[in-house]
Amino acid sequence: MARAIPLQRRLFMTILAWAAGLLIFFPVLWTVLTSFKTELEAFSTPPKLFFFDWTLENYSIVQERSNYLRFASNSIILSVGSTLIALAFGIPAAWAMAFQPGKRTKDLLMWMLSTKMMPPVGALIPLYLGFRDMGLLDTRGGLIAVLFLINLPIVVWMLYTYFKEIPVDILEAARMDGASLWKELVFVLAPMAVPGIASTMLLNVILAWNEAFWTLNLSTSEAAPLTVFIASYSSPEGLFWAKLSAASTMAIAPILVLGWFAQRQLVRGLTFGAVK
Amino acid sequence: MTSMLKTAGLGVGLAMMLATGAMAETKLTIATVNNGDMIRMQGLTADFTAQNPDIKLEWVTLEENVLRQKVTTDIATKGGQFDVLTIGTYEVPIWAKKGWLVPLDNLDKDYDVDDLLPAIRGGLSMDGKLYAAPFYGESSMVMYRKDLFDKAGLKMPDAPTWTFIADAARKITDKSAETYGVCLRGKAGWGENMAFLSATANSFGARWFDEKWHAQFDQPEWKNTLDFYVKLMKDAGPPGASSNGFNENLALFNAGKCGMWIDATVAASFVTNPKDSKVADKVGFALAPDNGLGKRGNWLWAWSLAVPSGSKKTAEAQKFVAWATSKGYLNLVASKEGWANVPPGTRTSLYMNPEYAKVPFAKMTLDSINAADPVHPTVKPVPYVGVQFVAIPEFQGIGTSVGQIFSKALAGDISVDDALKQAQETTTREMTKAGYIK
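Protein chains in written order, with my numbering: chain F, 1 to 276; chain E, 1 to 438.
Worth double-checking, as some hints may not be accurate.
Simulated DEER-style distance windows between Cβ atoms [said to hold, decoys possible]:
#, chain 1, residue 1, chain 2, residue 2, range
1, F, T55, E, D227, 43 to 49 Å
2, F, A190, E, R429, 42 to 48 Å
3, F, A19, E, D417, 42 to 48 Å
4, E, K109, F, L129, 38 to 44 Å
5, F, F51, E, N65, 30 to 36 Å
6, F, P47, E, K433, 53 to 59 Å
7, F, F51, E, S176, 52 to 58 Å
8, E, K175, F, I15, 49 to 55 Å
9, F, G141, E, K363, 51 to 57 Å
10, F, M117, E, K327, 54 to 60 Å
11, F, I77, E, N65, 51 to 57 Å
Calculated from the structure, these hints are not laboratory results.
Every residue gets a Cβ at the ideal spot worked out from N, C-alpha and C, and that includes glycine.
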């Protein structure tokens with residue numbers, strides 16, 4: 001250790017970090033707590049934080065009413081499937097843009113990002129008609145295609161910024177040693193970019209997992225993921241907060257666990273290139 | 001070789017058998033909202049599938065606004081994702097006119113169409129044809145706390161006036177004890193505060209449009225309505241009322257914080273349920289108030305089942321609709337879950353049933369539904385159908401804009417006069433753009 005940080009300051013920073021963490025985590029914590037309350041307690045004012053009659057009733061109702069496993073397996077297939085395809089297209093594209101930039105590469109990147117700026121509802125009807133005519137409504141294939149396309153710009157952008165951090169000299173050295181393009185990609189670039197690729201992958205799985213507009217509109221039952229499962233627990237007439245919270249907790253649990261295990265990769269990936 | 005042929009033949013035969021088996025089974029996809037009666041029906045479908053073993057039911061339950069968006073997209077593009085839709089009284093006349101719904105003219109005699117309550121049936125028909133079958137009907141009424149009324153020395157009449165309601169609300173209010181005289185909707189939305197305010201305005205003699213589709217917010221009747229509502233809520237309403245909708249008020253009432261609540265009749269079964277309500281045994285019911293003008297401030301709504309014209313299984317879908325809205329279904333619910341849980345407000349015969357008459361809110365629900373007239377909703381003549389809404393496609397947008405303006409007036413951000421002026425301008429602009437005003 002080069003220099004000792006005074007205890008006071010360390011304490012202050014720790015408390016600040018914990019406070020910020022709690023603040024960010026609070027909505028999730030509140031959802032989880034609410035899922036163990038009765039409907040009446042979920043609505044009670046002033047709200048009860050920990051001291052209420054804990055009940056598992058909501059979970060048993062949700063289990064009874066919907067086929068959770070079907071929704072969850074669709075969510076996994078859609079998010080992982082669309083992310084893998086996006087990576088298959090994104091890695092070569094980002095490689096080309098990072099190491100062989102053309103005159104219009106910057107414009108191309110901006111243009112790709114601009115597709116994310118349009119409100120999705122603007123494209124709903126044309127896409128819906130296309131899906132109807134191709135028989136893709138309520139199919140996993142159709143939804144994977146849509147999720148892949150809407151997340152592709154983010155994949156390319158993220159990978160592009162990671163690849164930019166890799167010194168081009170290393171790749172040139174590999175080429176001098178006679179490595180083919182394929183070998184260069186697989187044996188030189190990929191190992192160095194693993195944290196970047198991993199965090200891109202994880203972030204995209206999360207984005208696809210949470211995507212609610214297209215999944216709600218283009219699926220009904222066969223391909224419906226967990227977003228549809230959650231939407232079925234909101235009610236215009238009748239108390240639903242506790243049941244909705246139980247459904248939400250069940251829907252975020254798998255991705256939360258995944259995030260927990262991949263934490264190190266994720267942090268490494270997100271700060272990749274920050275310190276040289 | 002022969003054995004191979006045999007195996008192949010067996011395989012083909014088996015495949016054919018499986019194929020015919022799969023073909024004989026029809027899958028109906030039913031889009032529905034998440035409310036108690038609908039969820040109960042999902043649990044009782046074994047009765048239907050036992051009668052129709054070749055029909056399989058697939059439920060898609062969604063939140064009301066999501067459902068509306070999804071179903072509208074599907075039906076407008078004839079996507080054919082759904083075979084049975086749950087839609088409200090607002091959509092049925094609009095969609096029937098566009099040819100999006102299949103008329104229900106194959107209902108057999110046992111179904112007894114004439115048994116449907118006339119007010120409800122009228123709202124679901126066009127040119128004498130029924131386009132949707134009512135699953136449950138609702139109106140609005142006053143729910144009040146008998147104990148608080150006794151304490152204040154008040155007696156609720158069966159058919160109160162707005163003056164009585166306002167006086168009683170102010171007397172009951174005790175803000176230090178968090179008891180508020182009256183809880184009313186304030187959350188912006190055509191189906192939230194505007195449902196309540198449009199119905200209330202009817203009893204004050206106000207109307208949305210005159211016979212030539214000119215907005216009427218510049219008329220004294222609307223000023224009276226909004227003035228009355230804003231002042232009453234300021235004196236006797238809960239804090240933050242401008243963000244309260246049905247569910248928020250339900251929670252307040254169930255927690256014992258409201259002296260009165262004027263809202264959907266379907267709430268009666270929630271506030272009297274001891275599991276969810278702290279005041280279950282203290283609730284009384286009365287008709288929605290009036291102002292002596294011959295119209296009461298109660299609305300009319302029915303969640304109904306309809307078959308979209310994009311469906312390829314209309315015969316089976318109609319079979320299901322008939323089952324779900326039949327007399328037999330009402331008896332089935334009664335036998336399994338008791339009469340209080342039968343979907344209310346659809347059939348005359350239900351209200352003739354002596355067993356059902358014992359349910360505390362049965363009579364008040366029927367009287368409220370019968371007191372609503374979607375064709376003549378208010379004192380003066382109108383060019384539209386609908387009590388708490390105007391059955392034109394533009395109303396969702398206009399109603400929500402006006403609802404936001406009125407919600408602001410309730411919160412005290414703008415004055416009542418400004419709110420009415422803005423509402424008049426917005427509505428006139430939208431109606432001119434839509435071509436109603438020439």
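Structure-based check of each hint:
| no. | hint | result |
| --- | --- | --- |
| 1 | T55/F to D227/E: 43 to 49 Å | 46 Å, holds |
| 2 | A190/F to R429/E: 42 to 48 Å | 59 Å, violated |
| 3 | A19/F to D417/E: 42 to 48 Å | 46 Å, holds |
| 4 | K109/E to L129/F: 38 to 44 Å | 41 Å, holds |
| 5 | F51/F to N65/E: 30 to 36 Å | 34 Å, holds |
| 6 | P47/F to K433/E: 53 to 59 Å | 44 Å, violated |
| 7 | F51/F to S176/E: 52 to 58 Å | 25 Å, violated |
| 8 | K175/E to I15/F: 49 to 55 Å | 39 Å, violated |
| 9 | G141/F to K363/E: 51 to 57 Å | 55 Å, holds |
| 10 | M117/F to K327/E: 54 to 60 Å | 55 Å, holds |
| 11 | I77/F to N65/E: 51 to 57 Å | 27 Å, violated |
Of the numbered hints given earlier, the model fails hints 2, 6, 7, 8 and 11; all others are met.
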